[in-house]
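J.: Sequence:
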Amino acid sequence: MTAPLDSETLAQLFTEARTFSAWQDRPVTDAHLERLYTLVRLGPTAVNSCPARFVFVRTPEGKEKLAPCLSKGNLDKTLSAPVTIILAYDEAFPDTLPELFPVADARSWYAGKPDLIAENALRNSSMQAGYLILAARALGLDAGPMSGFDANLVNETFLAGTTWKANLLINLGYGDRDRLHERLPRLAFEQACKLA
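In full-length UniProt numbering, the protein residues as written are 1 to 196.
The hints are simulated quantities; they were obtained by calculation from the structure and are not laboratory data.
Just so it is clear, the structure is predicted and the values come from calculations on it, not from any experiment.
Hints are not guaranteed to be accurate.
Stated by the list, open to error - In silico BS3-like cross-links for lysine-lysine, where the CA-CA straight-line distance does not exceed 27 Å:
1) 194 x 65
2) 194 x 72
3) 77 x 63
4) 63 x 165
5) 113 x 63
6) 65 x 77
7) 165 x 77
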């Protein structure tokens with residue numbers, strides 16, 4: 001696992017990969033979603049907390065429920081995507097720590113500290129969102145992450161009665177490369193990085 005990836009693999013994951021807004025009419029099966037999660041769950045999180053939770057919205061009924069939660073700019077691309085993932089975080093993640101981190105009493109580290117729980121749940125589920133995008137690309141799928149939605153309405157519509165809270169949405173499928181815009185610029189090393 002110490003050898004660098006070849007340029008073709010790096011292209012699939014990074015240099016040629018894009019954020020998609022238009023989708024081919026190709027299904028993403030439940031088996032795809034299970035395989036995707038099997039990879040995502042292996043990414044590191046603080047004390048192996050794995051706070052991300054996933055709602056795979058893939059039916060017309062599910063998309064109809066999601067539509068009122070979306071900003072106008074995200075409506076068409078989301079309704080046309082084969083799957084939209086509500087990537088949430090579980091504020092009760094400390095309850096799973098005895099199973100996921102049995103080497104120490106990590107649950108006690110969070111007891112009575114709701115701000116610490118929220119901060120860690122958001123941070124680590126965001127890392128898991130990054131793993132999900134890379135895992136999707138590794139499996140030949142494309143992703144379109146977005147934050148233009150009403151999180152409170154998503155919580156009420158899809159997550160009521162749970163300890164889950166919406167973090168972001170990710171459209172998933174096979175992107176339509178014929179409808180891609182030019183890649184937008186990125187900051188140069190000198191603009192975004194410091195050596196200390």
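J.: Look at each hint and say if it fits the structure.
T.: Outcome of the hint check:
no. : hint     : verdict
1   : 194 x 65 : violated, 45 Å
2   : 194 x 72 : violated, 38 Å
3   : 77 x 63  : holds, 11 Å
4   : 63 x 165 : holds, 18 Å
5   : 113 x 63 : violated, 36 Å
6   : 65 x 77  : holds, 15 Å
7   : 165 x 77 : holds, 23 Å
Hints 1, 2 and 5, counting from the list given before, are not met by this structure.
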